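K.L.:
Sequence:
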Amino acid sequence: ARTGTLARATMLRTSANALWSRFVPAARQHIAGAGAASASRRSFVSSPIAREEDEYEIDEHAPPLNLFGLPARYASALYTAASKAGNIPVVQAEFKTVIDAANADPKFKTFLEDPTMSKAKKIAGLTAFCDGAKFAPITKSFLCVVAENGRLAENQKIYDALEEYTLAAAGQVKATVTSAQALTPEQLKELTAKLQKHVDSGESLKVETKVDPRLVGGFTVAMGEDFFDLSLMSRIRQMEAELAKPIGA
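Our numbering runs 31 ahead of the 1-based position in the sequence shown.
Mixed in with the good hints there might be a few duds.
[Said to hold, decoys possible] Taking lysine-lysine and the PhoX-like style, the derived pairs with C-alpha atoms no more than 20 Å apart in a straight line are: (1) K188 - K205; (2) K241 - K188; (3) K220 - K237; (4) K171 - K205; (5) K150 - K138; (6) K241 - K127; (7) K127 - K188; (8) K140 - K188; (9) K220 - K205; (10) K220 - K127; (11) K127 - K138; (12) K188 - K171; (13) K225 - K205; (14) K127 - K140; (15) K127 - K228; (16) K171 - K150; (17) K220 - K241.
No lab work stands behind these hints: they were computed from the structure.
Predicted, not measured: the structure shown is a model, and the values here were computed from it.
Based on the provided sequences and hints, a complete structural model is requested.
P.N.:
Given below as structure tokens:
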């Protein structure tokens, strides 16, 4: 999945203006220092998610592609640990269970994300939740470290990065298309066809769509290591930046 990244990025950049013209004719940390962790969580505390300035070592269990940002660092640590244990599917499914539970229960979501609640209470609650659900030790340890670092509000983003890693390992490329308004079936079909051309032979494309009115118009495409902003808001910001420059600059 790595070998075609550069070629895919080049081709995507080549077609960016064409995509913009078709769909919008009118118009990317910080990480808190980790606290002391219990012995049962040391494998994660010594990882990059707890010490941002450390370089992590790449091995055969590392994710098959590079993603950037704090959530991706957590996801990379979880993927590597689960890969070494040989239970990535189980860990991924268990992590998804926590996210689904939070989305379905506002009280549980508040429990996870409330910054005023003590980390000790969150860790105790998550430990009980994981033990009751008979989660794998890796999943429980990981969630406790995320709680200890005060990053439970990032769970969905961490899971999204983890999903990209597992898809890449399976020969799939995920493209997340975020548009200001929902794309019509015809627009989605045309865009998917264009993106499919940039997928390596032997890989399959999985397109996920989201709507974000803040884009004003157009869309963004996140595809593996590549991100393309073809939104009207990005164009507006570019124009604002130009207008803010002193005359003659």
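K.L.:
Give a verdict on every hint.
P.N.:
Status of each hint after checking the structure:
A hinted pair counts as satisfied when its Cα atoms are at most 20 Å apart, and K188 with K205 qualifies at roughly 14 Å. The straight-line distance between the Cα atoms of K241 and K188 is roughly 14 Å, inside the 20 Å bound, and the hint therefore holds. With a CA separation close to 13 Å, the supplied pair K220 and K237 stays within the 20 Å bound. Straight-line distance between C-alpha atoms of K171 and K205 comes to about 27 Å, which puts the hinted pair past the 20 Å bound.
Among the hinted pairs, K150 with K138 is consistent with the structure: their alpha-carbon atoms are about 17 Å apart, no more than 20 Å. A hinted pair counts as satisfied when its Cα atoms are at most 20 Å apart, and K241 with K127 qualifies at roughly 19 Å. Proximity of K127 to K188 is assessed by CA-CA distance (about 11 Å); at most 20 Å being required, the pair is judged to hold. Only pairs whose Cα atoms come within 20 Å are accepted, and K140 paired with K188 is accepted, the gap being roughly 15 Å.
Pair hint K220 plus K205 holds up; C-alpha atoms about 16 Å apart against a cutoff of 20 Å. A hinted pair counts as satisfied when its Cα atoms are at most 20 Å apart, and K220 with K127 does not qualify at roughly 29 Å. For a cut-off of 20 Å, the pair hint linking K127 to K138 stands: about 17 Å separates their Cα positions. Restraint check for K188 and K171: satisfied, since their Cα atoms lie roughly 18 Å apart, inside the 20 Å limit.
Straight-line distance between C-alpha atoms of K225 and K205 comes to about 14 Å, which keeps the hinted pair within the 20 Å bound. In summary, the hint linking K127 to K140 is supported, as the alpha carbons are separated by about 14 Å, within the 20 Å threshold. Straight-line distance between C-alpha atoms of K127 and K228 comes to about 31 Å, which puts the hinted pair past the 20 Å bound. Taking the CA atoms of K171 and K150, the gap is near 15 Å; set against the 20 Å cutoff, the hint holds.
Only pairs whose Cα atoms come within 20 Å are accepted, and K220 paired with K241 is accepted, the gap being roughly 15 Å.
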